[in-house]
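K.L.:
Sequence:
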Amino acid sequence: MSNIQNMSLEDIMGERFGRYSKYIIQERALPDIRDGLKPVQRRILYSMNKDGNTFDKGFRKSAKSVGNIMGNYHPHGDSSIYDAMVRMSQDWKNREILVEMHGNNGSMDGDPPAAMRYTEARLSEIAGHLLRDIEKKTVPWAWNFDDTEKEPTVLPAAFPNLLVNGATGISAGYATDIPPHNLSEVIDAVVYMIDHPSAKLDKLMAFLPGPDFPTGAIIQGKDDIRKAYETGKGRVVVRSRTEIETLRGGKEQIIITEIPYEINKAVLVKKIDDVRVNNKVPGISEVRDESDREGLRIAIELKKDADTQTILNYLFKYTDLQVNYNFNMVAIDNYTPKQVGLKKILSSYIAHRRDVIVARSKFDKEKAEKRLHIVEGLIRVISILDDVIALIRASENKSDAKENLKVSYEFSEEQAEAIVTLQLYRLTNTDIVTLQNEEAELRELIATLAAIIGDERTMYNVMKRELRDIKKHFGNPRRSDLEAEAVAIEIDTASLIVEEETFVSVTRGGYIKRTSPRSFNASTIEELGKRDDDELIFYTQAKTTQHLLIFTNKGNVIYRPVHELSDIRWKDIGEHISQNITNISNDEEVLYAEILDDFESGIYMAATQEGQIKRFERKELSPWRTYRTKSVKFAKLKSDTDQVVTVTPINLEDIMVITHKGYALHFSVEEVPVVGPKAAGVKAINLKDDDDIQNVFLTNTSSFYLLTQRGSLKRMKTADIPLSKRAGRGLQVLRELKSKPHRVFQAGPVYASDGNLGGEIDLFTEPIETERVILEIISNTGEKAEMDLAVLPLSERTSNGSFVSDTISEQGVFSAKIL
Numbered sequence: 002m003s004n005i006q007n008m009s010l011e012d013i014m015g016e017r018f019g020r021y022s023k024y025i026i027q028e029r030a031l032p033d034i035r036d037g038l039k040p041v042q043r044r045i046l047y048s049m050n051k052d053g054n055t056f057d058k059g060f061r062k063s064a065k066s067v068g069n070i071m072g073n074y075h076p077h078g079d080s081s082i083y084d085a086m087v088r089m090s091q092d093w094k095n096r097e098i099l100v101e102m103h104g105n106n107g108s109m110d111g112d113p114p115a116a117m118r119y120t121e122a123r124l125s126e127i128a129g130h131l132l133r134d135i136e137k138k139t140v141p142w143a144w145n146f147d148d149t150e151k152e153p154t155v156l157p158a159a160f161p162n163l164l165v166n167g168a169t170g171i172s173a174g175y176a177t178d179i180p181p182h183n184l185s186e187v188i189d190a191v192v193y194m195i196d197h198p199s200a201k202l203d204k205l206m207a208f209l210p211g212p213d214f215p216t217g218a219i220i221q222g223k224d225d226i227r228k229a230y231e232t233g234k235g236r237v238v239v240r241s242r243t244e245i246e247t248l249r250g251g252k253e254q255i256i257i258t259e260i261p262y263e264i265n266k267a268v269l270v271k272k273i274d275d276v277r278v279n280n281k282v283p284g285i286s287e288v289r290d291e292s293d294r295e296g297l298r299i300a301i302e303l304k305k306d307a308d309t310q311t312i313l314n315y316l317f318k319y320t321d322l323q324v325n326y327n328f329n330m331v332a333i334d335n336y337t338p339k340q341v342g343l344k345k346i347l348s349s350y351i352a353h354r355r356d357v358i359v360a361r362s363k364f365d366k367e368k369a370e371k372r373l374h375i376v377e378g379l380i381r382v383i384s385i386l387d388d389v390i391a392l393i394r395a396s397e398n399k400s401d402a403k404e405n406l407k408v409s410y411e412f413s414e415e416q417a418e419a420i421v422t423l424q425l426y427r428l429t430n431t432d433i434v435t436l437q438n439e440e441a442e443l444r445e446l447i448a449t450l451a452a453i454i455g456d457e458r459t460m461y462n463v464m465k466r467e468l469r470d471i472k473k474h475f476g477n478p479r480r481s482d483l484e485a486e487a488v489a490i491e492i493d494t495a496s497l498i499v500e501e502e503t504f505v506s507v508t509r510g511g512y513i514k515r516t517s518p519r520s521f522n523a524s525t526i527e528e529l530g531k532r533d534d535d536e537l538i539f540y541t542q543a544k545t546t547q548h549l550l551i552f553t554n555k556g557n558v559i560y561r562p563v564h565e566l567s568d569i570r571w572k573d574i575g576e577h578i579s580q581n582i583t584n585i586s587n588d589e590e591v592l593y594a595e596i597l598d599d600f601e602s603g604i605y606m607a608a609t610q611e612g613q614i615k616r617f618e619r620k621e622l623s624p625w626r627t628y629r630t631k632s633v634k635f636a637k638l639k640s641d642t643d644q645v646v647t648v649t650p651i652n653l654e655d656i657m658v659i660t661h662k663g664y665a666l667h668f669s670v671e672e673v674p675v676v677g678p679k680a681a682g683v684k685a686i687n688l689k690d691d692d693d694i695q696n697v698f699l700t701n702t703s704s705f706y707l708l709t710q711r712g713s714l715k716r717m718k719t720a721d722i723p724l725s726k727r728a729g730r731g732l733q734v735l736r737e738l739k740s741k742p743h744r745v746f747q748a749g750p751v752y753a754s755d756g757n758l759g760g761e762i763d764l765f766t767e768p769i770e771t772e773r774v775i776l777e778i779i780s781n782t783g784e785k786a787e788m789d790l791a792v793l794p795l796s797e798r799t800s801n802g803s804f805v806s807d808t809i810s811e812q813g814v815f816s817a818k819i820l
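Under the numbering used here, the letters of the sequence shown match residues 2 to 820, in that order.
A portion of the hints provided could be inaccurate.
[Unchecked claim] Here are the computed distance ranges between Cβ atoms for each label pair:
{"id": "1", "residue 1": "522", "residue 2": "286", "range": "51 to 61 angstroms"}
{"id": "2", "residue 1": "53", "residue 2": "275", "range": "46 to 56 angstroms"}
{"id": "3", "residue 1": "567", "residue 2": "737", "range": "23 to 33 angstroms"}
{"id": "4", "residue 1": "147", "residue 2": "111", "range": "29 to 39 angstroms"}
{"id": "5", "residue 1": "169", "residue 2": "271", "range": "46 to 56 angstroms"}
Hints in this document: simulated from the structure, not taken from any laboratory. Heads up, the beta-carbon is just placed ideally off N, CA and C, and yes, glycines get one too.
Given these sequences and hints, build the entire structure.
P.N.:
Following this line, the structure appears as structure tokens:
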């Protein structure tokens with residue numbers, strides 16, 4: 002019971018998680034700054050080396066090595082050990098592999114390796130240099146997990162493995178991404194820094210200009226590399242190596258021979274093929290992975306006359322053919338995770354090697370001194386050999402003989418031991434020369450080792466010589482090319498769009514879609530998929546290279562390229578604008594839509610219910626950066642209750658304003674200034690109390706119609722409302738009644754329909770009035786009536802017109818539209 006502690010759950014969780022985090026950081030996920038290894042990697046190398054599983058011996062089953070590592074040093078799952086071993090054998094992940102493996106050790110396509118019972122492994126030759134001199138007390142040791150053996154906490158590391166092979170890992174609160182580098186370049190930088198401890202970064206970069214990925218490719222951005230080397234954090238662009246091959250028939254194909262580091266080749270090929278299948282860029286006919294034992298090769302065959310550079314730029318931008326590599330150089334330095342730059346990594350490595358060389362030299366010197374002491378004794382023995390033999394023969398046993406030698410001839414304990422265990426063949430006349438030569442060599446070795454221990458310059462010369470030997474033996478040419486500047490990818494978006502014929506439709510409720518000609522022609526207009534309470538206000542034939550603008554009654558305009566509209570059957574309901582556009586309200590309705598080729602010219606007129614009017618230019622609505630998710634304003638509303646009643650393209654037509662209470666004002670378009678889309682505009686008409694604008698239209702016809710809420714309809718001459726000034730009261734176009742007064746429900750010009758809806762008429766040509774202009778009127782109870790406006794008699798300005806039907810006059814008008 003004495004072990005029971007009262008602690009809050011918060012304290013327990015914090016303390017335990019702190020312990021766990023410390024373990025993960027120090028003992029699992031991050032490499033040591035000195036040897037560049039994580040604990041599991043260090044244990045793999047040490048255990049295989051201890052078991053004699055080295056490059057100069059035969060391969061051994063991976064399962065045996067994994068079992069030894071797990072049983073002696075790494076008490077975790079066998080899969081984690083085997084995965085780490087496999088990664089160290091993959092030449093597309095490591096610049097210099099540390100484990101050689103027979104059998105399937107995975108692939109660049111992300112294929113898993115064969116099970117460890119099938120593969121065989123051994124240390125590579127260069128891995129042996131990470132472990133060289135480990136038996137000479139050169140590194141600190143610690144007890145293993147069950148205190149039965151000791152294991153090294155760092156390897157001697159005869160070359161800077163952290164930079165050569167890089168590292169990647171994620172721990173609690175820390176992550177690391179250190180790219181691989183070229184062995185020769187890293188060693189040159191280390192040698193220079195040994196001679197110039199306070200070297201500037203730019204000078205070091207003359208020797209080590211940047212990463213060198215095992216998969217090659219092209220690294221862009223010298224300044225970004227410098228920043229990463231300075232701070233430990235940065236980003237560079239890695240671009241695949243490509244070339245263009247010419248095929249028969251004037252066709253070309255893009256050949257990819259190197260891809261960015263850590264990119265899955267199979268996934269990359271699939272993504273490129275998805276671009277072809279989905280026709281995201283025109284001109285790709287086939288994508289093939291032609292990789293074989295000769296090397297990587299991906300072929301992208303293009304159609305005749307395809308824009309090769311545009312296709313290549315698109316693939317660079319939208320696939321992993323080009324990626325950003327993020328430096329995040331975090332390593333364990335003195336048991337602490339630190340973000341380190343190039344100078345810190347090199348200086349820490351040099352300090353580590355200094356400790357290793359000094360410790361090794363002390364070990365070798367001590368060993369040489371012990372041997373020299375023995376050799377000196379043996380040389381003296383040979384000069385008094387007969388006396389020594391007689392003394393030994395006279396002794397009772399080995400111990401007595403040793404004691405007699407020590408007393409009679411002042412030999413030390415070690416010398417006496419060597420003498421009594423001496424083999425008879427060593428007593429030949431020639432052996433004295435061998436011993437004297439060995440004595441001279443030992444004295445020279447001890448002097449050399451003493452110089453290394455006592456003189457830093459000598460020690461650093463040894464360090465440089467050993468590094469140069471490794472460079473000479475293992476150095477190889479750089480694989481990745483470096484380019485000073487990251488090349489900006491410019492794509493003409495118009496060139497990416499495959500031109501196709503389509504039909505675009507928009508409903509008042511905000512449902513939009515494009516429909517293939519096949520689906521459109523197989524249906525009637527009335528079969529359009531829509532909600533029962535919705536209505537079609539716009540449809541037209543269009544090309545996928547054109548643009549769609551949608552204007553709502555809340556002053557918002559929505560832009561969609563036609564090719565980005567969802568291709569939906571005519572009989573299906575379509576996509577609502579709120580699915581992508583986040584800043585529109587639920588009660589917003591579409592007033593007007595149109596298809597454009599470009600935004601270079603054109604002016605719109607917009608008027609609001611509460612009396613504001615404005616003109617604004619089409620170029621102000623050219624696509625904005627966030628068009629996929631946000632609408633922009635084309636009219637500023639002065640109150641929450643206000644809304645836009647009319648928006649339409651305008652040229653030099655005059656404007657007619659009709660109010661709810663039956664006032665009409667006719668004025669020139671020049672009276673309305675052209676302002677920005679966010680402006681509110683100017684006053685259109687001087688409204689009476691409780692009155693508002695019902696309709697605003699262009700007077701490009703000789704007559705217009707009025708429909709009242711009581712179902713009374715009339716047609717008037719446009720000329721009956723003479724031109725006047727903007728912001729006036731206007732003339733009455735209805736006679737005021739004391740009971741059941743007529744109020745304008747709808748008004749508009751009487752012109753010929755050209756088969757399109759929603760005002761989709763060429764307003765820049767002279768209108769032609771034709772024989773039939775049908776107005777469909779629906780009462781509040783659903784009764785329909787159709788009136789031909791073209792034959793409707795002209796009425797006086799003060800007339801209230803004629804009732805469409807007695808029942809509609811009693812029920813009231815619910816809706817009306819031109820068919």
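K.L.:
Please test the hint of 46 to 56 angstroms on the beta carbon pair from residue 53 and residue 275.
P.N.:
holds (50 angstroms)
K.L.:
Would you say the C-beta atoms of residue 147 and residue 111 sit inside 29 to 39 angstroms of each other?
P.N.:
For residue 111 against residue 147, whose Cβ atoms are near 37 angstroms apart, the range 29 to 39 angstroms holds.
K.L.:
Residue 567 and residue 737, beta-carbon distance inside 23 to 33 angstroms?
P.N.:
Because 51 angstroms falls outside the window, the suggested range is violated.
K.L.:
Hint says 51 to 61 angstroms; check whether the CB-CB distance for residue 522 and residue 286 agrees.
P.N.:
violated (29 angstroms)
K.L.:
Verify the CB-CB distance for residue 169 and residue 271 against the hinted window 46 to 56 angstroms.
P.N.:
violated (23 angstroms)
Consistency with the previously given hints fails for numbers 1, 3 and 5, ordered from lowest to highest.
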